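Student: Sequence:
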Amino acid sequence: MLQSNTWTSRIVIYTLITNTTWWDPSTTRVLSNRDRYCIKWGCEQYFQTKSRASHPVWQKAFDAKELVEMYDWIWLLDATDAFIMNGDIDLRVLLGNLILEVGHEHADIVISRDWNGFNAGSFFLRSSDWTRQVFIPRWIQDEKRDLYYREQGSISQMWKNDEIGIRRHLVDLEYERSTLINSYYFGKVGNVRNWYQKGHFVLHAPGNRGIVKWLMENNQTEY
Numbered sequence: 038m039l040q041s042n043t044w045t046s047r048i049v050i051y052t053l054i055t056n057t058t059w060w061d062p063s064t065t066r067v068l069s070n071r072d073r074y075c076i077k078w079g080c081e082q083y084f085q086t087k088s089r090a091s092h093p094v095w096q097k098a099f100d101a102k103e104l105v106e107m108y109d110w111i112w113l114l115d116a117t118d119a120f121i122m123n124g125d126i127d128l129r130v131l132l133g134n135l136i137l138e139v140g141h142e143h144a145d146i147v148i149s150r151d152w153n154g155f156n157a158g159s160f161f162l163r164s165s166d167w168t169r170q171v172f173i174p175r176w177i178q179d180e181k182r183d184l185y186y187r188e189q190g191s192i193s194q195m196w197k198n199d200e201i202g203i204r205r206h207l208v209d210l211e212y213e214r215s216t217l218i219n220s221y222y223f224g225k226v227g228n229v230r231n232w233y234q235k236g237h238f239v240l241h242a243p244g245n246r247g248i249v250k251w252l253m254e255n256n257q258t259e260y
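In terms of the working numbering, the sequence shown opens at residue 38 and continues consecutively.
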């Protein structure tokens with residue numbers, strides 16, 4: 038019998054805050070939001086404030102290499118343009134249900150898809166042999182390539198050609214299902230919208246710094 042085996046998982050929320058975002062007015066608010074969630078559900082936080090990568094977003098890959106040795110799951114969540122909105126959602130239950138849904142024990146990446154492809158602003162990595170020995174080394178290797186959308190473009194490229202057998206290991210939350218882990222307040226694919234609605238887990242504004250203003254104008258607040 039397949040078991041999701043997430044009930045006792047050690048989970049860390051990873052936040053990359055480089056020098057360009059540390060002074061953003063919403064930074065303290067974002068970190069407090071994640072701290073409240075971690076206290077409730079027994080997760081940990083990891084803040085990265087320095088980058089040794091060619092572009093700051095690639096620091097995610099370097100840090101993931103270390104964190105998969107310490108935790109069972111890493112939640113890589115963007116810094117100043119993402120908030121946890123529903124604190125009643127338990128990550129362990131969410132991830133466990135997704136593993137049971139795909140029906141095998143090789144679900145090592147959980148990521149959502151929008152009109153530009155995969156979005157790495159809110160996604161999950163599981164500590165597994167494949168993640169440690171295959172995916173992360175290849176991900177880091179792609180830092181040297183001129184890829185559109187950089188670290189998330191790397192994942193999209195691997196998926197397109199099923200490089201390193203990634204399709205077997207990736208849970209693809211397409212479009213409307215992306216709201217399980219990654220809801221926007223703008224954008225759509227055809228008639229399918231992945232807009233935020235009350236009760237959704239995460240509000241994310243990729244590439245947009247207006248998230249705090251949107252919350253205020255729409256009388257919404259984070260967890």
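Keep in mind that the hints were calculated from the coordinates and are not lab data.
Every value quoted in this text rests on a predicted model; they were computed, and no experiment measured them.
Hints are not guaranteed to be accurate.
Said to hold, decoys possible - 35 Å max Cα-Cα, derived DSBU-like pairs, lysine-lysine:
1) Lys181 to Lys77
2) Lys87 to Lys197
3) Lys77 to Lys102
4) Lys87 to Lys77
Student: Decide, hint by hint, whether the structure agrees.
Tutor: Verification of the supplied hints:
| no. | hint | verdict |
| --- | --- | --- |
| 1 | Lys181 to Lys77 | violated, 39 Å |
| 2 | Lys87 to Lys197 | holds, 31 Å |
| 3 | Lys77 to Lys102 | holds, 27 Å |
| 4 | Lys87 to Lys77 | holds, 28 Å |
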